[in-house]
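Protein chains: 2
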Amino acid sequence: MDTFTIIGLVAATCTTISFVPQALRTIKTKHTKDLSLAMYSLFTIGIFLWFVYGILVKDLPLIIANGITLLFTSTILILKIKYK
Amino acid sequence: MDTFTIIGLVAATCTTISFVPQALRTIKTKHTKDLSLAMYSLFTIGIFLWFVYGILVKDLPLIIANGITLLFTSTILILKIKYK
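Here the protein sequences line up with chains A and B, keeping their order. If you count by this note's numbering, then the first sequence holds residues 9 to 92, one letter each, in order. If you count by this note's numbering, then the second sequence holds residues 9 to 92, one letter each, in order.
There could be a bad hint or two in this list.
Identical copies look the same in the list; a pair holds intra-copy or inter-copy alike.
[Claimed, not checked] Computed list of lysine-lysine pairs in DSSO-like fashion (alpha-carbon distance at most 30 Å, straight line):
hint: 1; residue 1: Lys36; residue 2: Lys88
hint: 2; residue 1: Lys90; residue 2: Lys36
hint: 3; residue 1: Lys88; residue 2: Lys41
Just so you know, the hints here were simulated from the structure itself, not pulled from any lab data.
Modelling step: build the complete structure from the supplied sequences, incorporating the hints.
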């Protein structure tokens with residue numbers, strides 16, 4: 009595996025798993041006041057479209073990374089709507 | 009432009025601009041308690057690596073989308089560190 013691919017994989021891992029601590033914090037505290045509803049709405053729609061795009065162009069890394077991210081960001085979005 | 013490309017562009021636009029309302033909200037309220045420091049640290053590192061990856065593979069959409077996102081997420085990260 010070349011250096012470029014490794015950098016891309018590390019980048020994808022960071023952006024995908026970054027929403028885990030936010031989801032865990034929000035589940036634990038039930039406080040969502042400082043989270044922007046517009047941000048999580050737009051971001052979740054965007055990640056869903058990336059996921060669809062991945063399926064359309066048959067790109068497995070796009071499908072996997074965005075599928076996992078979608079789980080976490082939609083959880084945060086639901087909590088934001090529930091506890092706002 | 010085909011449908012697949014349009015879906016990809018809409019996806020990229022949504023995920024890139026989604027951090028604008030969060031940055032504006034945080035600048036305005038100066039409240040960052042509900043934001044996860046681990047999330048913004050990991051996400052900003054990830055977006056920076058995507059930006060570097062874009063430069064390495066000479067992919068202009070990756071460079072532009074991640075360069076813009078990096079501006080917003082690093083702003084939120086700095087505010088989180090400043091006001092935590």
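| message | Let me make sure I understand: some of the numbered hints might not hold for this structure. Which ones are they, in numerical order? | response | none
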